[in-house]
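Protein chains: 2
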Amino acid sequence: MTYCLGIKLNQHMILMSDSRTSAGVDNISTYSKMWRYGVPGDRQMVLCSAGNLATTQAVITAIEKDIREAAPVNMLTVKNMPDACKYIGNISVECQKLNTGGGPVFETTFILAGEIVGSPAGLYMIYSQGNFIASSSQVPFLQIGETKYGKPILDRVIQEKTPLDRAVLAALVSMDATIKSNLTVGPPIELYVLDIASLQEGRYVAFDSDDEYMQKLRKSWNILMEQAIDKLEPLHWN
Amino acid sequence: MTYCLGIKLNQHMILMSDSRTSAGVDNISTYSKMWRYGVPGDRQMVLCSAGNLATTQAVITAIEKDIREAAPVNMLTVKNMPDACKYIGNISVECQKLNTGGGPVFETTFILAGEIVGSPAGLYMIYSQGNFIASSSQVPFLQIGETKYGKPILDRVIQEKTPLDRAVLAALVSMDATIKSNLTVGPPIELYVLDIASLQEGRYVAFDSDDEYMQKLRKSWNILMEQAIDKLEPLHWN
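One line per chain: the protein sequences are L and Z, in this order. Taken in order, the first sequence gives residues 4 to 241; the numbers are from our numbering. Taken in order, the second sequence gives residues 4 to 241; the numbers are from our numbering.
Isolated chain L, as found in the complex (with noise of 0.2 angstroms):
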């Protein structure tokens, strides 16, 4: 499994990942499931991937070739978002169809954040059909793999109004919630903020098992729910 999270803040989008693949639990590996494609001052997008990794990684290549042999559409001349969507969402079921045979379909979601000079930022799921929805201003997050351990908190604390610095620390917890819980979701963490409006290179930043801030935010947080709990009013029996 994986849990990949997408944010859409008025300024900033968050995009966060785990880095965990596993082909039953005895066959874990580590690899990054985020991809960045950017020219500053033109467009910066940020792609998170959950499902099959052969799928993903047969992704990524096509997307690769086509900038490295500049297809006449790729990653550096899609015009908007919903252009960089449908062309991911093509290669991804393209490869999905290499790959089955006629057996089982191997799927992937992504996750695709960025924004395109003269057209507006956006934030978006790739479902493995090819398809693709906006966040919304309701709820301004996206989140694909194992989501449900993670998602009570971001429903509590994140709108589009948040401070970019509590929808980060919420964006940090739910993550750890879902590392707690779920053994097929683990570190590195991989977190990439982007500014919107900048067009420039966002700020990323990756946190290893024994990282301290990420140690330190964990027990904070067992420690801020007991207390969090105990200032509930009690429940009085009749």
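In case anyone wonders, no lab produced these hints; they're calculated from the structure. Misleading hints may appear alongside valid ones.
Any copy will do: because identical chains look the same in the list, a pair fits if it lies in one copy or spans two.
Claimed, not checked - With a straight-line Cα cutoff of 35 angstroms, these simulated DSBU-like cross-link-like pairs (lysine-lysine) come out:
hint	residue 1	residue 2
1	LYS234	LYS222
2	LYS89	LYS100
3	LYS82	LYS68
4	LYS89	LYS164
5	LYS219	LYS183
6	LYS82	LYS164
7	LYS100	LYS68
8	LYS183	LYS222
9	LYS234	LYS183
10	LYS82	LYS183
11	LYS164	LYS219
12	LYS89	LYS68
Small disclaimer: the values here were computed from a predicted structure and weren't measured.
Dock chain Z against chain L, hints included.
Relative to chain L, chain Z alone:
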């Protein structure tokens, strides 16, 4: 779907269940998923179910028939909690067999908490296959149904030594997170607390959808989550 939760503390056991049943999103109904069997001074047991409603009702009907007709083995004669689990597991397997006719199996999973005089109190999960497990002192809670949304708060707060008030609040927050994130889990929420070693009837309360206490708890928790996030050390970008 359904969400039921059992917690075994040092001195108490907590059982909680939602009341929504659904056969598709256009066929929603309300049924209690909690049943109690007790004889003061001799035994107290609480049963919760998640799964097929017809199977559940068949099991409950069979349990009640055995009590009414004073069958040699019934909930008021079994000698200890493992025997009670075995008894319910057998009935459950029988009911599932009757209803399939070779087609799909309509499964139900149970949580059983209770105590019978002369033997230890226990919290158990009875699988649809009729076998069962007890809770552990490391992880003294069991969940059935839609378990993921409500697990992180339990993972962080619940231990055997957790005070009753705190554990009840964590259970309510866990249920509320699940209701907020999943349409197929809904009120009334039923809550039962058994005092270990008392063998007396426990405390019971049900919260309707418009329950003032639950509404206040939900609002308070939203605020407390924002406050807790803001108390974490923000990420310092290099």
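Status of each hint after checking the structure:
| no. | hint | verdict |
| --- | --- | --- |
| 1 | LYS234 to LYS222 | both (19 angstroms within a copy, 12 angstroms between copies) |
| 2 | LYS89 to LYS100 | within (17 angstroms within a copy, 48 angstroms between copies) |
| 3 | LYS82 to LYS68 | within (19 angstroms within a copy, 70 angstroms between copies) |
| 4 | LYS89 to LYS164 | within (29 angstroms within a copy, 54 angstroms between copies) |
| 5 | LYS219 to LYS183 | both (14 angstroms within a copy, 29 angstroms between copies) |
| 6 | LYS82 to LYS164 | within (28 angstroms within a copy, 59 angstroms between copies) |
| 7 | LYS100 to LYS68 | within (19 angstroms within a copy, 56 angstroms between copies) |
| 8 | LYS183 to LYS222 | both (12 angstroms within a copy, 26 angstroms between copies) |
| 9 | LYS234 to LYS183 | both (24 angstroms within a copy, 21 angstroms between copies) |
| 10 | LYS82 to LYS183 | neither (40 angstroms within a copy, 38 angstroms between copies) |
| 11 | LYS164 to LYS219 | both (27 angstroms within a copy, 24 angstroms between copies) |
| 12 | LYS89 to LYS68 | within (17 angstroms within a copy, 61 angstroms between copies) |
Of the numbered hints given earlier, the model fails hint 10 alone.
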